[in-house]
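First to last, the sequence lines map onto chains A and B.
Residues 1 to 223 in the numbering used here are what the first sequence lists, from first letter to last.
Residues 224 to 433 in the numbering used here are what the second sequence lists, from first letter to last.
Mixed in with the good hints, there may be bad ones.
Said to hold, decoys possible - Computed Cβ-Cβ distance ranges for the label pairs, DEER-style: (1) B/Val226 - A/Phe16: 53 to 63 Å; (2) A/Val57 - B/Met315: 23 to 33 Å; (3) A/Lys3 - B/Met376: 50 to 60 Å.
As the list claims (entries may be wrong) - Calculated from the model, a selection of chain A residues having no Cβ within reach of chain B, i.e. all distances over 10 Å: (4) Phe11; (5) Ile53; (6) Phe121.
Derived by calculation from the structure, the hints in this document are not laboratory data.
Since the structure is predicted, the reported quantities are computational estimates derived from the model, not experimental observations.
The beta-carbon is built from N, C-alpha and C at its ideal position, and this holds for glycine as well.
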Amino acid sequence: MEKKQSLLKSFTNPIFKENPILVSLLGLCPVLIVTDTFDKSWGMGIAVLLVLIFTNVCISLIRKIVPNEVRIPVFIVIIACFVTIVDLLMQAFTPTLYESLGVIISMITVNCIILGRGEAFASKNGVLASLLDALGSGIGFFLSVSVIGLLREFLGKGGLTLTNPFTGQVIFSAYPLEDYAISFLADKAGAFLMLGIIVGIYSYVRIRIEEKETKKLATAEVK
Amino acid sequence: MEVITSLVIVFLVAMVTNNIVLSTGYGICSYIGVSKNRKSAIGMGCALVFVVFMASLVSYFLEMLLVALNIEFMQTIVFILVIASLVQLVEMICKKFLPSLYQSLGIYLPLITTNCVVLYVTKQICDVEAILIAAGVSGSLANNGFFNFLFAMVYALGTALGYFLCITLMSTIRNRIDYSPVKRGFAGAGIALVTTAIMVLAIGGLSGIF
Chain A
1 MEKKQSLLKS
11 FTNPIFKENP
21 ILVSLLGLCP
31 VLIVTDTFDK
41 SWGMGIAVLL
51 VLIFTNVCIS
61 LIRKIVPNEV
71 RIPVFIVIIA
81 CFVTIVDLLM
91 QAFTPTLYES
101 LGVIISMITV
111 NCIILGRGEA
121 FASKNGVLAS
131 LLDALGSGIG
141 FFLSVSVIGL
151 LREFLGKGGL
161 TLTNPFTGQV
171 IFSAYPLEDY
181 AISFLADKAG
191 AFLMLGIIVG
201 IYSYVRIRIE
211 EKETKKLATA
221 EVK
Chain B
224 MEVITSLVIV
234 FLVAMVTNNI
244 VLSTGYGICS
254 YIGVSKNRKS
264 AIGMGCALVF
274 VVFMASLVSY
284 FLEMLLVALN
294 IEFMQTIVFI
304 LVIASLVQLV
314 EMICKKFLPS
324 LYQSLGIYLP
334 LITTNCVVLY
344 VTKQICDVEA
354 ILIAAGVSGS
364 LANNGFFNFL
374 FAMVYALGTA
384 LGYFLCITLM
394 STIRNRIDYS
404 PVKRGFAGAG
414 IALVTTAIMV
424 LAIGGLSGIF
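The whole structure should be built from the sequences, with the hints applied where relevant.
Listed below in structure tokens is the structure:
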């Protein structure tokens, strides 16, 4: 029972409590670069999720064979291999998304989340736990990237466009607030500002919740 | 003469107006993480300048080999392996021969492997003509083999120094922010990112002056 709970925790913890972007501030480069449109953001989120799952499982499988001194070069080569595979697959099946993302896909290799999770979690834990941890971290990354992308596109351009990544067809496109768009938010400086505000609000809420919990514990102890 | 002015322009554009952190957003993780105090920011910057320069030197020639063998899709894997082993090598050499340098840089060296700046620069210098056009210099200068190499190295050095400049500036700014009353929750990374947004606007005003 306890084991099941710890497995569940390794899945749910990285989604909200230790969100890789909003709390641990890892892997911020893609967040700033791709979030100007919603399409690019969630495409990037899926790519990172895939790479994270494959590498975490792979690292956890070989964790006992790799000598300690050379583990970082070994891990990073594994990551680079999976990134190259994802890169080539995206080039073949989602050409429009690939073109709009560009060089940033191969930059997933140096995304701190992936090496960080591999080094801190997968190299010490079993395959199932690593898989769940990768899923949790990947979904945490996906959610925060998508939310930031959605907000930036909606506020910065006044509307939203959704395209099918496989065919490049536009599914949905509406710009009702185009005249009131804050175009600053679609720029690079807007990316920094938006991320800063979201990180600030998120940690403010987190601090408040923690304070309430400690208060509850204190009152329970008094009783 | 034209070559020398172009070299200076490429250097300054890479360092100031097209600053890697402020205009593209690469390398932001370490920028936010390490700029908490000035000493570690300078240490990280120095280590990065060194690694970027060495990695560019090696990968410039490796790219030629990859093109000759017609396996350019292996670029990411080969370059990251070069960077990771170079970082490990630098760490070992520093530990053995320059213990004082190792003391000051030691902890930051392993972090450089996952710094986006290094891989970005090594990938960028494979296309010198694009660098020259982005800097507003005529791309035809990239035809000569030796000049090509020279431009690539100057670009790598300029970009790395731009990162150094940016992280040192940010660490001094954060030093002052520590004494100011910041809204709860925003203290730390939140306010640093908002400050960076203002720095981006300031750098944006300089674009196109060279």
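Quick rundown of the hints versus the structure:
The beta-carbon spacing between B/Val226 and A/Phe16, approximately 56 Å, falls within the hinted interval of 53 to 63 Å. At about 31 Å, the CB distance of A/Val57 to B/Met315 agrees with the hint of 23 to 33 Å. At about 55 Å, the beta-carbon gap between A/Lys3 and B/Met376 stays in the expected band of 50 to 60 Å. Distance to chain B confirms A/Phe11 as a non-interface residue, since its nearest Cβ pair spans about 24 Å, more than 10 Å.
With a minimum CB-CB distance of about 19 Å to chain B, A/Ile53 clears the 10 Å threshold, and the non-interface call stands. Even its closest Cβ contact with chain B, about 15 Å, leaves A/Phe121 beyond 10 Å, as expected for a residue assigned away from the interface.
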